[in-house]
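S.K.: Here is how the chains run, residue by residue.
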Amino acid sequence: MAAILLQTVDWLFVIDNMGLLLGGTVVTIALTVASILLGFVVGFPAGAIEVYGSDRARRVVEQVGVVLRGTPLLVIIMILYFGLSISSSAFVTATIALGLRSAAYQSQIFRGALQSVDDGQLEAARAVAMSRFEAIRHVVVPQALRRSVPGFQNEFTIVLKDTSIAIVIGIGELLTTGQNLYEGGQSTAALEIFLAVSLVYFVLTFATNRSLDRLSDYYAVPEGTT
Amino acid sequence: MTQPLLSIDDLHKSYGSEEVLEGVGLEMDQGDVTVLIGPSGSGKSTLLRCVNRLTEINSGRIALDGQDVTGADTDVNELRKQVGMVFQDFNLFAHLTALENVTLGPKKVLGMDAADAEAAGRNHLEQVGLLEQADSYPAELSGGQKQRVGIARALAMDPELVLFDEPTSALDPELVGEVVEVMRDLADEGITMLVVSHEMDFARSAASDIVFLDDGEIVEHGPPEQLFQNPTADRTEQFLSRLHAHEETA
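Residue numbers (the UniProt record's numbering), protein chains in the order written: chain A, 1 to 226; chain L, 1 to 250.
Just chain L, same shape as in the assembly (with noise of 0.2 Å):
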């Protein structure tokens, strides 16, 4: 048996005396997108951040490819080279254009030349549809360009592992659609996603599993066809018939 590319195991986190996370356990294979959903505050993207350990853990086991990444003498440089994340908030480095915000990573952290880090660049930008803004700077972008931007700055590092906390959330409806085609085709050619978003759509059609994660513990996970349809916990079913609700008056 192979051995998983993520795997959590245990893992907990609190802020002062509020526990965010109450053991937590996560297997993801190379290839599997992974949708959380769950409740705001039910600790979705503090799990994602202690992934790459922009949030520090208090105890439990986080490993990639089997390499335990939780330790304190775990260089996170190397981590972050292996998991590359998109921000809700974009944060597109805002004083450079699209093309140098995908470059700056390989450039100054993978020792890329700047030629081979453009031609890179440029096709990691046409793989997200946005050759033409190559020079655009951020804020002459829209937030769907922005985010599609933000996607293939961190497919630029080449990561194993992509993380993306709640992709859509602060786009407008109707730019909501192409960064939710990229993500489609992004999971269509292998890359490993794990993904925090509500979109049903993305989650139905990309998703290998759904996690259901509730006041800091996953109540369930599945397929998406399974969880979706039979939802064996109550938390769940309530939460996604909430969610039906919403979709159809939004």
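One chain only, chain A, in its complex shape (with noise of 0.2 Å):
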């Protein structure tokens, strides 16, 4: 079955346009980078706040996470762009919903990787006269960080591959390009185009876990009792 449909000449059809695919790639790339980020400037923040925020800004951060968390994403999107209309940009807006979806799922990473660093950690800062600030920034921040880049790394695949749902509103990222030279170029060439999508989207995850590996491995420190 599969050889009868992959053609010779559809994959001629997808070389010819791996431009168009790159630059769709480009996309997705700019696309993840931004919502990562931004998933990280709000999750860090979210998880710090569950673990040593008022009982009262825990509640609301919480509270967020869990809609935002029970919201497909397909939701999200559609809610920011076409109810809400917050940005006429399709890109900025898809960067907000993934990147608040993002936010919520970051913030458990962060709060689990903070909550496991041992409290005379802690302790131990406070009493060479650190304030708690001084002393999580310093004690606990830096020992939760590294912690928590396997969840990172699972949450960094994530959004890669889900910037693809940002095809329903009309991004150029790699699935909408791939699409697009299906429908307006050669239909007999679907399953090597989204074959070839595919390939990119392993590639890219592949290498960013190599390198967050690389990343963990520079920084990471003998671990055992203190």
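No lab work stands behind these hints, which were simulated from the structure alone. The C-beta atom is built at its ideal place from N, Cα and C for all residues, glycine as well. You may find that some hints are simply not true.
Stretch-level coverage of chain L by chain A, calculated; a stretch enters the list once three of its residues show a Cβ under 8 Å from a Cβ in chain A [as the list claims (entries may be wrong)]: (1) 133-145; (2) 215-227.
So, partial list: chain L residues that the calculated Cβ filter (under 7 Å) puts toward chain A [said to hold, decoys possible]: (3) Tyr15; (4) Ser17; (5) Asn77; (6) Asn91; (7) Ala94.
Work from the hints to combine the two standalone chains into their complex.
M.R.: Listed below in structure tokens is the structure:
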């Protein structure tokens, strides 16, 4: 079956249009980076508030997180773009949707990592006269960030792949580019086009995970009792 | 008459309905080495932690250099610059090397520049015999080495008083000696130390005062030879004989 469907002529069509697919890939990467950054900038403080914040602040953050995590990304994008029209730019809207959803998940990664650092670390930092904030910043956070790398790798992969949902508001990202090639170009090449698109997603996730592994090794400290 | 460095008066502390300290009083002069002994649950560690306010008291007064440090308006961080602490479980900063553990406080809290802090830090590591381990991470050190770094970390803040919370209890028996030796050196150098410990060796040879705490109150206190040879209270005598029996079987 596959042998019949995988036609040389269709692969040639894909190769001919590789430039377009790479253009879409650039948009996908930009969308991923922007969303992950927004997710970090919002998610990290949110996770810290869930651990160290006042009862009231914690409740607010937790409830917003529950709503964001409980709503399909597709629905978030549609509400923001068609419902609230928060921006005329589809790219900006998709970044905000992906970024906020990612913040809701990243906050949980950081919350867990912060909670995993032994209380004795904070206490020892307080005992050398650091303020609570200094102690968290200089002693707890550096350890928590190291421990959050595996969770962060997952989240990065998920966001990268979920940028494809932005197809519904017409951003020229990777999947949209593939879809356009198939609809407006060569309809027999569907399988080849989407296989090529999948390969690009795979290469991106694989390369990113490897890079984060390297980063993690570089900053690794020997584990054990302190 | 000079005022004591540390003076604790009628200290009360409860956890819920459980009263842990029932009116404890204590005085220490500069250079004193006071060792707190007593059965587990007697309130020794709580008393220690009240001094640098890791634990808040319910009532009473703690004064350092004549200054009340228990008030709501006391800057706890100013207090803790004067009072170092060594923990039972070491609590070394896991992501920092031995040297960085020692220099973090001076750099971030005392505002020392990096080069000065490092030079001073190396001196403190040398003082505890660990200069060669300056670049090792806590997980690469033995328990005894960790605790010596913990001591160097406390000394690096140049405190007026150092609290030791059962500094050898988490150590394998063969590693106790190296920590006790360092502590004895500090005592000889005139560092004021308030120590919760059952290391009788250290108590006999380095303490200026032994305080026996039981059920949240000070039963008796005195110089080691007097308290160990001629305890006045039955409770002290019973505790000491149990301790001796334990030491002999160990």
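S.K.: All hints are to be evaluated individually against the structure, with a verdict given for each.
M.R.: Consistency of the hints with the structure:
Beta-carbon proximity to chain A at under 8 Å applies to 4 residues in the segment 133-145 of chain L; the threshold of 3 is reached and the given coverage holds. Evaluation of the coverage hint for the segment 215-227 of chain L: breached, as 0 residues show C-beta separations to chain A shorter than 8 Å, against a requirement of three. Hint on Tyr15(L) is violated. Least Cβ distance to chain A is approximately 17 Å, over the 7 Å limit. For Ser17(L), the suggested interface contact is broken, since its CB lies about 24 Å from the closest CB of chain A, more than 7 Å.
A distance limit of 7 Å between C-beta atoms decides the matter here; for Asn77(L) the minimum to chain A is near 5 Å, and the interface restraint holds. Look at Asn91(L): its Cβ gets to within about 4 Å of chain A, closer than 7 Å, so that hint holds up. Contact between Ala94(L) and chain A, as hinted, is supported at the beta carbon level, the nearest pair being about 4 Å apart and thus within 7 Å.
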